[in-house]
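2 protein chains.
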Amino acid sequence: MARAPTRSGRPRKASETRAARERLLDAAHALMCERQTIDVPVQEIAARADLNVALINYYFDGKDGLLLALAMRHQADYAAALDRLLRAPLNAAAMLEAHIRGLVRAFRRTPYLQRLQHKILRDSSEEEAKVCGAALVAPLAAFYVALAANGVRDGSLLPVAPINLYASVVGAADFLFSGTASLRHGFGVDAVNDDLGAAYEDHLVRLVLGGLSTP
Amino acid sequence: MARAPTRSGRPRKASETRAARERLLDAAHALMCERQTIDVPVQEIAARADLNVALINYYFDGKDGLLLALAMRHQADYAAALDRLLRAPLNAAAMLEAHIRGLVRAFRRTPYLQRLQHKILRDSSEEEAKVCGAALVAPLAAFYVALAANGVRDGSLLPVAPINLYASVVGAADFLFSGTASLRHGFGVDAVNDDLGAAYEDHLVRLVLGGLSTP
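Residue numbers (my numbering), protein chains in the order written: chain B, 12 to 226; chain D, 12 to 226.
Derived by calculation from the structure, the hints in this document are not laboratory data. All the pointers check out, no bait thrown in.
No copy labels: a pair is met if it fits in one copy or bridges any two.
In silico SDA-like cross-links for lysine to any residue, where the CA-CA straight-line distance does not exceed 20 angstroms: (1) K141 with D201; (2) K141 with R46; (3) K74 with R126; (4) K74 with A41; (5) K74 with R84; (6) K141 with T191; (7) K141 with G199; (8) K74 with D50; (9) K74 with T48; (10) K141 with V200; (11) K141 with A202.
Generate coordinates for the entire structure from the input sequences, incorporating the hints supplied.
Listed below in structure tokens is the structure:
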């Protein structure tokens, strides 16, 4: 375990720096998952990590920087994974199915990710919004453009506008997690368990492939 | 036009009361649409309405009350409209198509509605959350339960779990509006115009009916 930081709030060693930085991100992640909101005060993030709140300024230059680091951490190998999927020996319809299942699972692990991304794109500095957009949105948009073109080329998908495919798939996959409060009030469901997660994957694949597969 | 309120912040007459209350709600609506966020300070809402900020406490007992009134106003006849649709002389598949088109249009008029609803369900007092859940979530959930049952009975839809149908249709319809920041970074689209709105309706109908219609 890392030693406590010095009274100035600065950690003593490189290994402690890394540990403290990661502990703050872990604490933010845990609180956002537990509370089903991204509105988590920095004091509580620091308290959960058992660290001085001043370290959030030290490592991340403030809360906006911490939010950006959290979004970037969760999708560090994101573009690479989409690229691997596009090079897999599958037709576009099978690729789309694999993508939908992966997306539902990714949002289950990080249910706040879409909301965090939108907050950064909307409220952060232009520079931070650009970093986030280039790292998280642009690769996914490019994936949908390539997938739609491949589907027409290999004959497995009907023509579809990439922006419509993107908004419907990402929106539907995200809502099961971002809309938890309405699931509780409408259906008495408090959280997405394994069965609901798996059934929702199957359901989305049925809608999207049912609507877009060639006959 | 209403006369200015007295110095105490209270308006003079019943007609002025109504006008001032509605002007505050109109101002909140306009700011949330323009800024694509529900995080709008009460000072700016009052300034836009050209009214004293104290009136927000007077009419709504604070910001939470204003947010609840705004959510309730936009769907005052919401349950009645769903009920009318269920009694229309249409089979369940045709009803589902009419509902999807209506939902995309409703979110286009009030792009912040889902986010506002979730904020109220999550952050407001238990009492306010119950009012919002009973007025806005429960009727929609009941509609999906009835629609799924009717679809099996009249043979126009394959069996589907209402919660999955709800999350996918509402999530996909909402994301075109709540995810505007990512549409800009991913596809260079700043706002949903008539053509995109109409194309998205057609796209969602194709996915949902393609996946759920009986052969």
